[in-house]
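> The residues making up each chain are set out below.
2 protein chains.
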Amino acid sequence: MRELLHPRSVAIVGASDDPTKTTGRPLRFLRAAGYAGAIYPVNPHRETVQGERAWPSIEALPEAPEHAYIVAPTEAVLDAVQRCGRRGVRVATVLANGFSEAGEEGREREARLRAVVAETGIRVIGPSSLGVVNLRSRLLLTANAAFAEPDLPHGSIFVASQSGTMIGSILSRGKARAIGFAGLVSVGNEVDLSAGEVCEATLDDPAITGYLLFLETLRKASHLRRFASAAAERGKAVVAYKLGRSAAGAELSITHTGALAGEDDVADAFFRECGIARVHTLDGLIEGLPLVARIPLRSTRRPRVCVVTTTGGGAAMVVDQLGVRGVDVARLRDLTLAGTRYDAMKSALDEELADSDSDLVVAVPGSSARFEPELAVRPVIDSAGAVKPLAAFVVPDAPDALAMLSQAGVPSFRTPEACADAIAAAFSRHCRVGGNPETEAARHAPLGPLDPRLRGNDKMLDEVESYERLARLGIRHARIDDPSFPVALKVLSRDIAHKSRAGGVVLGIANEEELRRAKEEMRRRTGVDRFLVQEMARGVAEALIGYRFDAQVGPIVMVAAGGVLAEMHRDRSIRLAPVDLETAREMVSEVKALRAGDVEALAASIVALSRLAEDATVVEAEVNPMMVLEKGVVAVDALVRVVERS
Amino acid sequence: MRELLHPRSVAIVGASDDPTKTTGRPLRFLRAAGYAGAIYPVNPHRETVQGERAWPSIEALPEAPEHAYIVAPTEAVLDAVQRCGRRGVRVATVLANGFSEAGEEGREREARLRAVVAETGIRVIGPSSLGVVNLRSRLLLTANAAFAEPDLPHGSIFVASQSGTMIGSILSRGKARAIGFAGLVSVGNEVDLSAGEVCEATLDDPAITGYLLFLETLRKASHLRRFASAAAERGKAVVAYKLGRSAAGAELSITHTGALAGEDDVADAFFRECGIARVHTLDGLIEGLPLVARIPLRSTRRPRVCVVTTTGGGAAMVVDQLGVRGVDVARLRDLTLAGTRYDAMKSALDEELADSDSDLVVAVPGSSARFEPELAVRPVIDSAGAVKPLAAFVVPDAPDALAMLSQAGVPSFRTPEACADAIAAAFSRHCRVGGNPETEAARHAPLGPLDPRLRGNDKMLDEVESYERLARLGIRHARIDDPSFPVALKVLSRDIAHKSRAGGVVLGIANEEELRRAKEEMRRRTGVDRFLVQEMARGVAEALIGYRFDAQVGPIVMVAAGGVLAEMHRDRSIRLAPVDLETAREMVSEVKALRAGDVEALAASIVALSRLAEDATVVEAEVNPMMVLEKGVVAVDALVRVVERS
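As they're listed, the protein sequences go chains A and B.
My numbering puts the first residue of the first sequence at 120, with every later residue one more than the last.
My numbering puts the first residue of the second sequence at 120, with every later residue one more than the last.
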């Protein structure tokens, strides 16, 4: 895909003569930047465009341009991509919107675009792409107004964004922080090339050291996962900002797993395990990469941070923000105003950097940073060579001090929130580089519309069938063959998901006579005459374990505390499936209300359930409740949904 | 207190000859700014200081300066303040630290400083004060390095900060956002004059339109409350940032109320009810005031926000951040890139501003804001005159566009987080301006070390005594005179706070014989032979209601769901006490797990309990659980702590 970011020639299909118009910008920006390749403006209505020769069509060009930016209106896109494909153009980037987001007509248009891609072999960026930028080769093939920037900030960061605005906003915000970029791609709707694929294509470029992703949704997650894994192997850090934190967690789902592991929760688990640092502030995205790059991908303990400051109040903001995000500050060392001297700051930093008890040192210079950076900012730069990472939050507005820090490669932050956000995101990663290769293989299995679990034609198994399916994994249930009293009577049907609500559960039946009567009444209430009689089991705690094949990220497994309140409070832990025992133990320890009984057996049952990831016939499975006993665990209700054979 | 901010003459006691030293800065800054009053450097060791005549002592001055900044070291402070007091200086600001924060010796020093204040009548700012700044009168009586600023940003905001660094950091960060200040005071440890008193002293200054507070802790909360109330009456908005969000909520307390209503939770309730908008981001503090000033102090419904944008991705960040903070976005109107035109933006904004269905419109201009603000930023300014408030978040780095907005008085934000933070803070206020005057009076009662409830020599009442105390308020308990079986047997002692843990509770006793045996065993276990026999009560829900006299903010009342999980998840609502029925209903509705039974009776019991605020003999009271019945509520355990008479 050299033609994506390093084309020797480009066409702009639909280029406007007016350089201030959106469709006039790419030509203007390419010329202003001094792009060295051939540029072919295509416009059938004009002889010239912005003073240059315009070509009536792609066919009329003297050569097939390697990359075409199609800025023509929606109605003209299909024809233009097709002509480009036939002419031998390798990559077309499409500006127009009006595809999958635009109702039935748009979806049809998108299907036709896919067909053109398949037919001609052309690769497409977009639609809804504001363009492709490679700063080194001065390829400013973009309609984003922010690229009118006079001195473009060159650097080693590569950006992929689903939002077109954000490539310009990240560029301008980075520039204001002396942070530079190698390239920026507005991937748009990712109908063909995905953010993951675009980034992956740049992985072997030694001039690119890290990645920023701006995501509106998790599209083509398997590509992202593959890219992130390869980036981790190369030691290239990835930071992502994803919208949707406030999305209502509760999906329309018949299981609790669906309600407790909502879209954004699953995304969190996905990023964590891919080794992508997910930040939650815009400044954290812009400023976070240098820090994330210096933190190990998987920390073995809760991170401990040491803060060295000349201002107690300023440093306390960082300490507070870290605390809110669950990161401990092991030591706060306040040199006070009297310690605002190069020597005092330098020796305090060097001492703390030499101390093995912390994972990161954060320097917080106070008011002096604005006009006297030599006092408390210069020592940060001079101490930053140590093995242990050193970051800085500068309390006053001090653009020069921040620029000094950035240029010296010291992770630095304008706000306490961004500082704490990036630190928490960096330490949240649980990437399993070099983990169990079998597990890794299962994780990297491609997801997509072809997966049978996404077809939608699935069916629920009844409780006995569900138990049988789970028994194959080694998950034990309360006795249903020849049970002793007291017993529970439950209706047995594939059509009743919520048995209690349907009057299909009676607990604590003491003898045969009571059982007979209970069956009669239940038959009357539910209209069903298949029943399950199960021995009563009482645990010291109740858990819920669930498995779900998520449409975006694939198999996930969850454990939660049982009961209504636990659900209300979302006390649960989620991972991509399958998981090993160590991870399952970690999951149990993350659930506050699970402290009693055989938590080791519970962890083993999570491992067992998570193996469903290897079974392409199961869409969802849940044990609720799983009784946690003094010794062992036992399922007393279960629900499995499988792919319908047809 | 004219002499605090408008002195006609100042002395700098301990002024250094070296203008780059901390103690040399005030003289340098006053001269650079052109302060018009008399300046007397006092330094017994030198004839001149920075080229000016130095005076050997306060006594040697030709007049009593109105305000003295004492920058001498800790050991010299007491003597200097005393001499100033005797000489007739009205206000002394003290730079040194080493007082209450510095162990036993420091506390003694502080006590002696208080004695000097009492003896001489001088008023003190500090210790640990970086100074007092009044931009209009060019009074730069400060040692904060950031005041080397060449063009000081004049404006109408007044700042009081417990952190000295922050007066400089707020000034510089404000300047970078075209936000200006009238004055800034570093109040330090508030040994004498408090932040509340300092702000209160400026309330009648028409040139001051709003206040920013930076607080490390809630010190002298009654002063803050009185100031905030007076500010609210004058329509002057107050925004506060307070450290301590991450503080462990659980205090060392024998009651659940103590554990569930921790220091920072109580501070939240305090700010909300004082009408102070508490922000949680530094940018929110800097940028929030113009917005907060335009939002009513108490909204009658959940706020509804409308967003108008030219960039879906940029606007979605604000929508997401608002969602995280519980603010609904009623409508998101995306004009897209194609709508990035003055007319399109202007008419969309005007339409939304005219719509009665929302409380606030937020404009989100995209990349064009950086170089082409006429397209999507100018219409925001031109539409901002409407009755409904209009704010803006600008997606790219666009300092010029932000400055245009600020200068036009349009609330504007650099990050989606600060924008959402300020909006949520503005709408969180529940100030009762014009509320029940009796309640208001109780709220404004002074708190302080003299309050008997803070003396610490309190005692616990036993359960029967506690019931009696609560019965006076109209809170009913389960029957203990002639109870019917089944009954509960409980040990009765002032010394046992956790009866269950001590083996002092047996539930469900069916008859006299069982009761007799249970008493015998309990006597053996606990060594106590006073018992309470109480009729069993079973509710449809269990609640906890608690009252506590908080050392910082005074009386508070809380309601929570009963049970272990509720406590773990902190599902509760807190208010300053007393509360009226409307507020109590609001509190119940804020507790997720309280949905069943007679919630109206529960609300009435909260009102009753909250009246303890008027009783200076009760330190803490808790009913746990309060059984919520189908009709009514009934206490089945209670604990009251009262002030010991002595």
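Hints may be right or wrong, so weigh each one.
[Said to hold, decoys possible] With a cut-off of at most 25 Å between alpha-carbon atoms, the simulated DMTMM-like pairs for lysine to aspartate or glutamate come out as follows: (1) B:711 x A:384; (2) B:140 x A:384; (3) A:465 x B:137; (4) B:711 x A:319; (5) B:711 x A:501; (6) A:294 x B:137; (7) A:140 x B:493; (8) B:507 x B:493; (9) B:140 x A:519; (10) B:140 x A:491; (11) A:638 x B:137.
[Said to hold, decoys possible] Have a look at the derived ranges for each label pair, beta carbon to beta carbon: (12) A:598 x B:619: 30 to 36 Å; (13) B:324 x A:452: 38 to 44 Å; (14) B:527 x A:705: 49 to 55 Å; (15) A:234 x B:452: 46 to 52 Å; (16) B:452 x A:326: 40 to 46 Å; (17) B:619 x A:642: 40 to 46 Å; (18) B:137 x A:473: 30 to 36 Å; (19) A:164 x B:519: 33 to 39 Å; (20) B:237 x A:705: 57 to 63 Å.
It is worth saying that the hints were derived from the structure and are not from the lab.
Yeah, the Cβ is synthetic: ideal placement off N, Cα and C, and Gly gets one too.
> Hint by hint, note whether the structure agrees.
Against the structure, the hints:
Annotation: proposed proximity of residue 711 of chain B to residue 384 of chain A holds, straight-line Cα distance about 21 Å (limit 25 Å). Among the hinted pairs, residue 140 of chain B with residue 384 of chain A is inconsistent with the structure: their alpha-carbon atoms are about 53 Å apart, more than 25 Å. Straight-line distance between C-alpha atoms of residue 465 of chain A and residue 137 of chain B comes to about 23 Å, which keeps the hinted pair within the 25 Å bound. Distance restraint check for residue 711 of chain B and residue 319 of chain A: the Cα-Cα separation of roughly 46 Å exceeds the 25 Å cut-off, and the hinted pair is therefore not satisfied.
A threshold of 25 Å between alpha carbons decides the hint, and for residue 711 of chain B with residue 501 of chain A the separation of about 53 Å lies outside it, so the pair is violated. At roughly 38 Å between alpha-carbon atoms, residue 294 of chain A and residue 137 of chain B are farther apart than 25 Å, so this suggested pair is violated. Using a Cα cut-off of 25 Å, the hinted pair residue 140 of chain A and residue 493 of chain B holds, with the two alpha carbons roughly 14 Å apart. A C-alpha spacing of about 22 Å is found between residue 507 of chain B and residue 493 of chain B, which places the hinted pair at or below 25 Å, so the restraint holds.
A hinted pair counts as satisfied when its Cα atoms are at most 25 Å apart, and residue 140 of chain B with residue 519 of chain A qualifies at roughly 22 Å. At roughly 12 Å between alpha-carbon atoms, residue 140 of chain B and residue 491 of chain A fall within 25 Å of each other, so this suggested pair holds. Distance restraint check for residue 638 of chain A and residue 137 of chain B: the Cα-Cα separation of roughly 95 Å exceeds the 25 Å cut-off, and the hinted pair is therefore not satisfied. Judged by the Cβ atoms, the range 30 to 36 Å given for residue 598 of chain A and residue 619 of chain B holds: they are separated by roughly 34 Å.
For residue 324 of chain B and residue 452 of chain A, the Cβ-Cβ distance of about 40 Å falls inside the hinted range of 38 to 44 Å, so the restraint holds. Against the hinted window of 49 to 55 Å, the Cβ-Cβ separation of residue 527 of chain B and residue 705 of chain A comes to about 53 Å, which satisfies the hint. Range check, residue 234 of chain A to residue 452 of chain B: Cβ separation about 34 Å, and the 46 to 52 Å hint is violated. Judged by the Cβ atoms, the range 40 to 46 Å given for residue 452 of chain B and residue 326 of chain A holds: they are separated by roughly 41 Å.
A C-beta distance of roughly 44 Å is found between residue 619 of chain B and residue 642 of chain A, which places it inside the suggested range of 40 to 46 Å. At roughly 33 Å, the beta-carbon separation of residue 137 of chain B and residue 473 of chain A lies within the given 30 to 36 Å, and the hint holds. Distance hint check for residue 164 of chain A and residue 519 of chain B: the Cβ-Cβ separation is about 36 Å, which falls inside the suggested range of 33 to 39 Å. A hinted range of 57 to 63 Å holds for the C-beta pair residue 237 of chain B and residue 705 of chain A, which are about 59 Å apart.
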